[in-house]
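Novice: Residues per chain, in single letters:
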Amino acid sequence: MIAAHLPALQIAIPLIAAPICLLLRRESLAWAWATFISWVVFALAWMMLEKTLTGGAFNYELGGWEAPWGIEYQVDAVNAFILLIVAAIGAIVMPYARASVNREIPEHKRGLFYTAYLLCLTGLLGITITGDAFNVFVFLEVSSLSSYALIAMGRDPKALTAAFQYLIMGTIGATFILIGIGLMYQMTGTLNMADLAKRLPAVEDSRPVLAAFAFFIVGVCLKLALFPLHLWLPNAYAYAPSVVTAFLAATATKVSVYVLYRFVFTIFGQSFSFDVIPLESILLVLSLAGIFAASTVAIFQTNVKRLLAYSSVAQIGYIMLGVALVTVAGLTASILHIFNHAIMKGALFLCMGAVYYQIGSVKIEDMNGIGKKMPFTMFAFVIAGLGLIGVPLTVGFISKWYLITAVLERGWWPVAVLILLSSLLAVIYIWRVVEAAYFKSGDDEVVVEEAPLSMLIPIYVLTGASVYFGIETSLPVETAAEAARQLLGIGG
Amino acid sequence: MRHHLVLRVVAKLLIPLIMLFALYVQFHGDYGPGGGFQAGVIFGSAFILYALIFGLENAEKVVPSAYLIALVSAGLLLYAGVGFAAMYLGGNFLDYGVLAGDFIAGQHLGILLVELGVGITVAAVMIVIFFAFAGRGEGDDEEEDDAANDADPVQDLASDSSRKA
Numbered sequence: 001m002i003a004a005h006l007p008a009l010q011i012a013i014p015l016i017a018a019p020i021c022l023l024l025r026r027e028s029l030a031w032a033w034a035t036f037i038s039w040v041v042f043a044l045a046w047m048m049l050e051k052t053l054t055g056g057a058f059n060y061e062l063g064g065w066e067a068p069w070g071i072e073y074q075v076d077a078v079n080a081f082i083l084l085i086v087a088a089i090g091a092i093v094m095p096y097a098r099a100s101v102n103r104e105i106p107e108h109k110r111g112l113f114y115t116a117y118l119l120c121l122t123g124l125l126g127i128t129i130t131g132d133a134f135n136v137f138v139f140l141e142v143s144s145l146s147s148y149a150l151i152a153m154g155r156d157p158k159a160l161t162a163a164f165q166y167l168i169m170g171t172i173g174a175t176f177i178l179i180g181i182g183l184m185y186q187m188t189g190t191l192n193m194a195d196l197a198k199r200l201p202a203v204e205d206s207r208p209v210l211a212a213f214a215f216f217i218v219g220v221c222l223k224l225a226l227f228p229l230h231l232w233l234p235n236a237y238a239y240a241p242s243v244v245t246a247f248l249a250a251t252a253t254k255v256s257v258y259v260l261y262r263f264v265f266t267i268f269g270q271s272f273s274f275d276v277i278p279l280e281s282i283l284l285v286l287s288l289a290g291i292f293a294a295s296t297v298a299i300f301q302t303n304v305k306r307l308l309a310y311s312s313v314a315q316i317g318y319i320m321l322g323v324a325l326v327t328v329a330g331l332t333a334s335i336l337h338i339f340n341h342a343i344m345k346g347a348l349f350l351c352m353g354a355v356y357y358q359i360g361s362v363k364i365e366d367m368n369g370i371g372k373k374m375p376f377t378m379f380a381f382v383i384a385g386l387g388l389i390g391v392p393l394t395v396g397f398i399s400k401w402y403l404i405t406a407v408l409e410r411g412w413w414p415v416a417v418l419i420l421l422s423s424l425l426a427v428i429y430i431w432r433v434v435e436a437a438y439f440k441s442g443d444d445e446v447v448v449e450e451a452p453l454s455m456l457i458p459i460y461v462l463t464g465a466s467v468y469f470g471i472e473t474s475l476p477v478e479t480a481a482e483a484a485r486q487l488l489g490i491g492g
Numbered sequence: 001m002r003h004h005l006v007l008r009v010v011a012k013l014l015i016p017l018i019m020l021f022a023l024y025v026q027f028h029g030d031y032g033p034g035g036g037f038q039a040g041v042i043f044g045s046a047f048i049l050y051a052l053i054f055g056l057e058n059a060e061k062v063v064p065s066a067y068l069i070a071l072v073s074a075g076l077l078l079y080a081g082v083g084f085a086a087m088y089l090g091g092n093f094l095d096y097g098v099l100a101g102d103f104i105a106g107q108h109l110g111i112l113l114v115e116l117g118v119g120i121t122v123a124a125v126m127i128v129i130f131f132a133f134a135g136r137g138e139g140d141d142e143e144e145d146d147a148a149n150d151a152d153p154v155q156d157l158a159s160d161s162s163r164k165a
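Line order of the protein sequences matches chains B and U.
Position 275 of the first sequence, counting from 1, maps to 275 under our numbering, and the rest follow consecutively.
Position 79 of the second sequence, counting from 1, maps to 79 under our numbering, and the rest follow consecutively.
No wet-lab data here; the hints were simulated from the structure.
Note that beta-carbon positions come from the ideal geometry of N, C-alpha and C, so glycine has one too.
Some clues are possibly wrong.
Stated by the list, open to error - Covered stretches of chain B (chain U as the covering partner; in silico rule of three or more C-beta atoms under 8 angstroms from a C-beta of chain U):
| hint | stretch |
| --- | --- |
| 1 | 10-17 |
| 2 | 47-54 |
| 3 | 59-68 |
In isolation and in its complexed conformation, chain B is listed as follows (with noise of 0.2 angstroms):
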């Protein structure tokens, strides 16, 4: 039974969680529920991802309504793909929310803490599993709802004024993509994603479909921090909660980057979003510009979660670097590189809200002398930092070695170069965190301890996967070139 209702089952699971969280009135309760709905969400993302992998893609009619007129979820290899990375993180941060929520939210908002926390991973599953265009963007809002939500909850009273900031220009761009998918729908005059694909060609000369399709990219591109639409996102990842911050930053732009393929290669076609329009050279420029302007901004940040998130931006420009190259090898890497940033920034992510949670901090001045004080944290900070820069036996190296075999496989040797040179600018901003915490003495009067074995532990397991996946890559590798071909339309 449970096999057949798996899609359902991923979404409806974190719903009704949700609700009940609320209820639980005790804070522990609450994130024991929410823990154990994160644990389920991520094996039944794993089941789905084996059975897409061995019997291909699968749907599931939602009220037993036949597909264009009812809504569908369609899973294959590619959001599948998501779905796991996202439910892996979800499994993975939650065992460390306690400690730290409990360090930095007050008491009595800790349930509805972790009841915004189920919404927001239902909202990303659901945008992910969706097979239609409007229960995008219905999920695109219970995900954003709920992080502005999550986010106004930091510490510092700038989260509040950050969450506003990001509420502003999220919806901004959920507003585009309602109106790409209004003018879509007027088209064609169907919202199911397979159809739309096979109706829109008929139409795509038309000067609706052109708006739709500028709307849609500029709204996406917003909530995916393409720069220079990536205004919202420093401030955001600076000042929210860390665990928001962890799980934000390696789930909820990786998640709108996936509804761009999907937009751009299944329903609008290649031949459409690339030929017709010159959205390879777009992509190029901004990814480029983005890659280079976000990663010397990085450098000059005091602030180190802020700089992090500054290195976001930075990522998410060779991410769409992958898409701009139009090739199987470009998506892969791209694909790829969703996953192995998920996986350090995650870390790294973690390892800032370790040391705010013993330090109350996390300016690099006040990080002096701290590899001494907390050496565990500090280690897999520079695991993951190796990791980000893209030095070999991390995911980070695979990432950029993927994404430069593909560059040069289209022949466009100074963009690989370009990639090579932005990597020193990582090792710039890396470094001065690590220059602080190791060469710098502190000041040894104040007692630093070790973070808490609860919140070592998901920073281990997030390190060492940047370490294991950056060895024994054909997980990722596989099912990311699978998901590129099944986005092209190539074999499989």
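Given the structure of chain B, go ahead and fit chain U onto it with the hints provided.
Specialist: Frame of chain B; chain U shown alone:
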């Protein structure tokens, strides 16, 4: 609240009618314009009118915040619960057809329950939002003090005790 005699009398007359109309919109939603969302907003507005005329404290006596939170979740639970019930009875998630003996009756029952869930949640959320805004700056509100302070334990204690008082 001694003055505004006219308002108080008219509100007392209107509030039951507003609620009745909300229930009409709720349960006639299958056949005509209406449904859970509209009904929920109308039902919530009856409480909001009461709070406007008779004051927030009296309104909070009628529906304490704890009940409202429970109602917010109850509606969504009912909605999702119908979905799971359909799944349990052998249909797809939210496939109302299997809920009753024949398909049509099942569809009726399903949409009725789901819309009731929507109605309950929307009404409760409307009242919660109104209470949250109306209660701002009164000191006992939860949103206000936490956003402003730095989760200072002393202040937290103070706000906790003021809440108890």
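Novice: Evaluate each hint against the coordinates.
Specialist: Hint check results:
1. 10-17: holds (count 3)
2. 47-54: violated (count 0)
3. 59-68: Since three or more residues must qualify, the claim that chain U covers the stretch 59-68 of chain B holds, with 5 doing so at under 8 angstroms.
Checked against the numbered hints given earlier, the structure breaks only hint 2 and satisfies all the rest.
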